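Asker: Listed below are the residues making up each chain.
Protein chains: 6
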Amino acid sequence: MSGSLEEFRKNRERMNEKILAAGNLQIQRFFNLDTRAYEDGALSAKLKELLSLVASLVLRCDDCITYHIVRCAEEGVTDAEFFEAFNVGLVVGGSITIPHLRRAVERLEECRKLPEPNTKLGKG
Amino acid sequence: MSGSLEEFRKNRERMNEKILAAGNLQIQRFFNLDTRAYEDGALSAKLKELLSLVASLVLRCDDCITYHIVRCAEEGVTDAEFFEAFNVGLVVGGSITIPHLRRAVERLEECRKLPEPNTKLGKG
Amino acid sequence: MSGSLEEFRKNRERMNEKILAAGNLQIQRFFNLDTRAYEDGALSAKLKELLSLVASLVLRCDDCITYHIVRCAEEGVTDAEFFEAFNVGLVVGGSITIPHLRRAVERLEECRKLPEPNTKLGKG
Amino acid sequence: MSGSLEEFRKNRERMNEKILAAGNLQIQRFFNLDTRAYEDGALSAKLKELLSLVASLVLRCDDCITYHIVRCAEEGVTDAEFFEAFNVGLVVGGSITIPHLRRAVERLEECRKLPEPNTKLGKG
Amino acid sequence: MSGSLEEFRKNRERMNEKILAAGNLQIQRFFNLDTRAYEDGALSAKLKELLSLVASLVLRCDDCITYHIVRCAEEGVTDAEFFEAFNVGLVVGGSITIPHLRRAVERLEECRKLPEPNTKLGKG
Amino acid sequence: MSGSLEEFRKNRERMNEKILAAGNLQIQRFFNLDTRAYEDGALSAKLKELLSLVASLVLRCDDCITYHIVRCAEEGVTDAEFFEAFNVGLVVGGSITIPHLRRAVERLEECRKLPEPNTKLGKG
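Protein chains in written order, with our numbering: chain A, 1420 to 1543; chain B, 1420 to 1543; chain C, 1420 to 1543; chain D, 1420 to 1543; chain E, 1420 to 1543; chain F, 1420 to 1543.
In case anyone wonders, no lab produced these hints; they're calculated from the structure.
Misleading hints may appear alongside valid ones.
Stated by the list, open to error - Not the full set, but computed from the structure, chain A residues with beta-carbon under 7 Å of chain C: (1) Q1445; (2) R1448; (3) L1452.
Said to hold, decoys possible - Derived DSS-like pairs (lysine-lysine); straight-line CA-CA distance at most 30 Å: (4) A/K1465 <-> A/K1437; (5) E/K1465 <-> D/K1465; (6) B/K1437 <-> D/K1465; (7) D/K1429 <-> B/K1429; (8) D/K1532 <-> B/K1437; (9) A/K1429 <-> E/K1437; (10) A/K1429 <-> E/K1429; (11) E/K1532 <-> F/K1429; (12) A/K1437 <-> F/K1465; (13) C/K1465 <-> F/K1465; (14) D/K1465 <-> F/K1437; (15) B/K1437 <-> D/K1429; (16) C/K1532 <-> D/K1429; (17) E/K1465 <-> B/K1437; (18) F/K1429 <-> E/K1429; (19) B/K1465 <-> A/K1465; (20) D/K1532 <-> B/K1429; (21) A/K1437 <-> C/K1465; (22) C/K1437 <-> A/K1465; (23) C/K1437 <-> B/K1465; (24) B/K1465 <-> E/K1437; (25) D/K1429 <-> C/K1429; (26) A/K1429 <-> F/K1429; (27) A/K1437 <-> F/K1532; (28) A/K1465 <-> E/K1437; (29) E/K1532 <-> A/K1532; (30) C/K1465 <-> B/K1532; (31) D/K1437 <-> C/K1532.
Computed from a prediction, not measured in an experiment: that's the story for all the values here.
Every residue gets a Cβ at the ideal spot worked out from N, C-alpha and C, and that includes glycine.
All chains, please: the whole structure from these sequences, using the hints.
Answerer: Okay, structure coming up:
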């Protein structure tokens, strides 16, 4: 792991702010669309976070996996649900996802240990 | 589109049978794991099919998208739910997924028109 | 090749209309962002189309390559420029891109033969 | 399948010739490097073709898979060897490779049926 | 590099144990299939490790590359063989694999320096 | 970030030298083709570096992004141009590219702060 969840959260917010401050209107709109894609609708926020967690696993992006694990945990996803979602990602994406699965499980552990307010990620 | 849903279904079954008949035990076991990953458990079959539909969209595999659209429709996924799932895939995977989204929507239309028994795909 | 440029254009427009008609506001906004990403700005429309052509080549999406070849041709990209852009994509993306390069060159030929008005793709 | 092995071979040669005739020296050199990567050396041509077959399977490129199946068959790869190589690709790349595996097995069948001289692909 | 081979090995084993201890039967079965894919059969273990090394290079997964370099070295792969396999991966996967190739060569050096017992990775 | 631009540059040069010293002629030729793909021709070096920056963003390779940001800055790419190129990559490649975009912007900042001679990367 390249740092704690807390470091991940701070760095993510700091750099997102810089990107949004750079003044490219279309990038700002993309970030807005990205945030809104996970709001409750015909599908629940919880389910959408799970969709994106598995998408992040098969696309093998550690930071995206970390973000969606924290959000899934906030939405009440249980360990059994996490591992069934991981299994879908593992079967679809193959053994090449295993190093990311190892880091995902490490993040999940870290996430379970933290008092809830500390794990809160601002959406977006 | 390279053929009707019915042609897709027949060709898929025909070739799966040949693969399983080739006698490689580990490939047979992989196919079995693949089937079982979508059974009801801590997460419902419906949700798991949605997970795999979005994973297939971001990984840009038309045949996988077709298969999971049919299975999602069998599990009662509504059009509004389909399009919210498509939107998650589109935001995560980007405009490179749009040609696959066009074919996905064409398959969904085809799927809605067929009487239900014809759309039944054997699992696996 | 799975069809002529004219068939590609018609099918693309027909399905884009269906997707936009489905009423998912966020997908509509994504399509709008996608269109606007290629407008003249600090970088010219021509250069942005070349950026996306090479991105489509390394991501290996035939429909995206076809679309951006037509748009690049409309923006006046010469054959020598096309092949230098293809070379960047080939070196970055490797021999796995060669089947797409073959189809790209076939599309470019088709595009050069058509009278210009027929090759006009609506943006978006 | 989008055509017979014979159609694949003819189209591949026709378009490769056009690409090489376009006069971009670096693309010509890349094609040369691509051909030479599979020559006997510290590793045999047979083994290198198998390496590239599995790489093509996990990268999910049907034309590349077709090409290397024909070349592997020419190098004497047996069915049992093919299926063990397919299994490595399937485990590493996951179920998303299965549609490509179906087409691979269809190509292998076609390849086994043809009298050997017809299946000969010019290298490169 | 994010750590020594020894740290990689320890972390890999620690997290694999946690994943297997989580009690998801299908993930356990996947890990078992993953281990068995590399056993001697119609193709030798050495060849299968090379197949997976090149697959890992074109899919650009550093941890997978590290693992298979160690296993290949245990199976007696020579430097000349390693570099010919790297070349196949480089040609197929393109210059985007070069940063992974740099780290692969660094791992290979580390691996050659260690006395053999220390480099032994438990399979699976 | 896993290190400063200066560390990146030194490590990159050190490992490239080792790879070239290993004596595999084809890998040496590939590296040569890679260098020459970015020379002025029908398209300018600046434009080719931008092509490869966006290709690296959609393929999600941090080291490649870092390298091409430095080269683009050397070729006089302005911040407005960088962000429009980033936007093309973001739209094409989706939100999965955002963690790489965050690191790209961090590298761009670092690059702007350094006196120009220190940021000079040897080509190739």
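Asker: Each hint needs a verdict: does it hold in this structure or not?
Answerer: Verification of the hints:
no.	hint	verdict
1	Q1445	6 Å, holds
2	R1448	6 Å, holds
3	L1452	6 Å, holds
4	A/K1465 <-> A/K1437	29 Å, holds
5	E/K1465 <-> D/K1465	14 Å, holds
6	B/K1437 <-> D/K1465	25 Å, holds
7	D/K1429 <-> B/K1429	29 Å, holds
8	D/K1532 <-> B/K1437	16 Å, holds
9	A/K1429 <-> E/K1437	28 Å, holds
10	A/K1429 <-> E/K1429	29 Å, holds
11	E/K1532 <-> F/K1429	22 Å, holds
12	A/K1437 <-> F/K1465	25 Å, holds
13	C/K1465 <-> F/K1465	14 Å, holds
14	D/K1465 <-> F/K1437	28 Å, holds
15	B/K1437 <-> D/K1429	28 Å, holds
16	C/K1532 <-> D/K1429	22 Å, holds
17	E/K1465 <-> B/K1437	28 Å, holds
18	F/K1429 <-> E/K1429	29 Å, holds
19	B/K1465 <-> A/K1465	14 Å, holds
20	D/K1532 <-> B/K1429	22 Å, holds
21	A/K1437 <-> C/K1465	28 Å, holds
22	C/K1437 <-> A/K1465	28 Å, holds
23	C/K1437 <-> B/K1465	25 Å, holds
24	B/K1465 <-> E/K1437	28 Å, holds
25	D/K1429 <-> C/K1429	29 Å, holds
26	A/K1429 <-> F/K1429	29 Å, holds
27	A/K1437 <-> F/K1532	16 Å, holds
28	A/K1465 <-> E/K1437	25 Å, holds
29	E/K1532 <-> A/K1532	39 Å, violated
30	C/K1465 <-> B/K1532	42 Å, violated
31	D/K1437 <-> C/K1532	16 Å, holds
In summary, the numbered hints that this structure violates are 29, 30.
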